[in-house]
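Residue-level listing of the chains:
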Amino acid sequence: MNRATLDLWVGLFVTLGFAALVFLAVKVGSYSTARGAIYSVNASFDNIGNLKVRAPVKSAGVVVGRVGRIKLDKKAYRAVVRLDINDGFKFPTDTGASVLTSGVLGEQYIGLDPGGDEGLLKQGDTLQITQSAVVLERLISQFMFNKAAETPASAH
Amino acid sequence: MNSIASNSSLVRLDGVRFAYGEREILRGVDLTVHRGQVVAIMGGSGCGKTTLLRLIGGQLRAGSGKVEVDGQDLGHLSTRAMYAMRRRMGMLFQFGALFTDMNVFDNVAFPLREHTKLPAELVRDLVLMKLHAVGLRGAQSLMPSELSGGMARRVALARAVALDPMLMLYDEPFAGLDPISLSVTGQLIRRLNDALGAASIMVTHDVMVSLELVDYVYFVSNGVIVAQGTPEEIRKSNDPFVRQFVHAETDGPVPFHYPAPPLANMLDGVAA
Amino acid sequence: MSALDATLRKLGAMTIDGVWRLGFAARFFLAVLRYSGQSFLRLPLTIREIYFSGVLSLLIILVSGLFVGMVLGLQGYDILQRFGSSDALGIMVALSLLRELGPVVAGLLFASRAGSAVTAEIGLMKTTEQLQAMDMMAVNPLARVVAPRFWGGVISMPLLAAMFSAMGIFGGWMIGVVAIGVDDGAFWSQMRASVDFRYDVLNGVIKSFVFGVAVSWVAVFEGYDCHPTAEGVSRAITRTVVYSALLILALDFVLTSFMFRGP
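Chains as they are written, first to last, in our numbering: chain A, 199 to 354; chain B, 91 to 362; chain C, 106 to 368.
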């Protein structure tokens, strides 16, 4: 095998390999959480349901970040969720966070409801207004109790 | 007298012992090779003569004793110094050991390209000269698989002398050669040695050819040197070992039978 | 008693032998790294090995990738349409390829195509005393023969895995979109929305790099360490394929548990 042909083949091979990588990076994947371009805020909830790390954080349905870490506040027994929000999206300090579900049985995500405050959230801030996940079992049992309580009342 | 001898000696082994694990191969070998000499080390198969060659080439290190090449103790050389030493040695392996992925020309050019920064034209001239010396200039573009055993060994010889070594080592240079290739190879070894002004050591059990061309012979058996001398002395020797070897007698100091209890005992089922 | 004794002895010998070989393999690995400088200073040596390891494995990798992707398209569609989410076909194909099948299957193919060839080549060079001859010519075989083959494999493997994944996604697209009729837009947009570059693509590349190191290491070690006979070489080739496959699968489990663990 002569040297020039060999070089040509290897050059072709490497080009093809990198083309495949670029295809995977650009066409297949997306840079939703590019490092360095985020800021993190905390929000604590009574109950986060099935929320997982890396679940999306959305505002008005648009993905603006990801859930970075979930831990339990050992004193208050509340779930503390770190939200990694892309630097491009700024929110007022009185923004509220709620754990929502896409569809009836879909994945859970954090929804942000911007308030009207002048100041903007910074790295390390804590969200004051939070709303916990709706737990389906509780909802159903609550509904049943109400029904059970209603029935005798209406008989009277 | 003594100092003159040590000045002209190129290789000196002094009480060299060597063992693979617990199996002792060499039990105290003394040996001297002077510049300009062709020396043969002879002995039966498995007597430790190839090990001896490996020790001189620095591929193995002696368990005790001293291996000296050109005044340097190989036992105390760093890897770098050992490689520097090996650039001045050439070794011919039993079956040539040509690089199978290169043609004849590239094989001979290999040491030149690895160790020198000579321009391509000069490398080409040198390679052709070396190939010419072994009579294979016309085979330069053949692959090793296209060569006969004798030709492969001659190419390997050209490769081994590419850097004009001061010491040549030959591992069974005559094994498996037809009579013509055999005498051609023998002639080449002598001629190259005299042309380079080098010393050559060859390990062989081909007595007749060797006695024709060497200056000195060592006989090795059971890890020690049992006899030595010039070819004349060897031919005239009355030593039973030498006589057995030179005249190819089947039994003698080198027994025909592998050590075993007497046959009668075994047949009677006494020995287990 | 003596049977037990013999069994224990055998077990002991096997353990000592195994540990010794592992230690030797580790030292060999460090030595190869130490002498790697030359394979980068003299790039043509490594380029030659990329040709033998990479370019010659290209065909089997591309064809296998295409078929694996097509199977994923068929099976994925069959399962997803039961839940009425056949739009997610792109996600399924892409994630299974990028995270697992690309690196693992490409690694297994690479071990049996290129790894075995490297072992055979080095083993034969040892058997025919070429390595010793090189050593006697004051050329270190680790630097001249082993290191370029090692790096050729390490460089080729991630590129091959990426091509495998890309080809597989193309195969899945062909079956899903062209043959079955999943919506083209949904296929790509769902895929892009769920596949993260750093989390999925880059982790896959890291996996394939690790597998490349593992396979190349096993291949050059088994070749260099083989018993210098025809039988020894053939055993070494078998060991290369078996050990590479086991290493790939075991490392895949370890890497996956680090990379993709839940909250």
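Everything labelled a hint here was simulated from the structure, so no lab data went into it. As the structure is a prediction and not an experimental result, all values here were calculated from the model. All C-beta atoms, glycine included, are put in the ideal place defined by N, C-alpha and C. Be a bit skeptical, because a hint or two may be false.
Reference excerpt, derived from the structure (chain C facing chain B, CB under 10 Å, subset only) [said to hold, decoys possible]: (1) V160; (2) L161; (3) V244.
What follows is a list of derived Cβ distance ranges for each label pair [said to hold, decoys possible]: (4) M364(C) - G322(A): 57 to 67 Å; (5) R340(C) - G111(B): 19 to 29 Å; (6) L210(A) - A210(B): 48 to 58 Å.
Verification of the supplied hints:
Residue-level restraint check for V160(C) is violated (minimum Cβ-Cβ distance to chain B is 16 Å; threshold 10 Å). The beta carbon of L161(C) comes no nearer than 14 Å to any beta carbon in chain B, farther than 10 Å, and the hint placing it at the interface is violated. At about 5 Å, the closest approach between the beta carbon of V244(C) and any beta carbon in chain B falls short of 10 Å, and the interface hint on this residue holds. Taking the beta carbon of each, M364(C) and G322(A) are about 27 Å apart, not inside 57 to 67 Å as hinted.
In this structure the hint that R340(C) and G111(B) lie 19 to 29 Å apart at CB holds, the actual value being about 22 Å. Checking the proposed 48 to 58 Å range against L210(A) and A210(B) shows it is violated: the Cβ atoms sit about 28 Å from each other.
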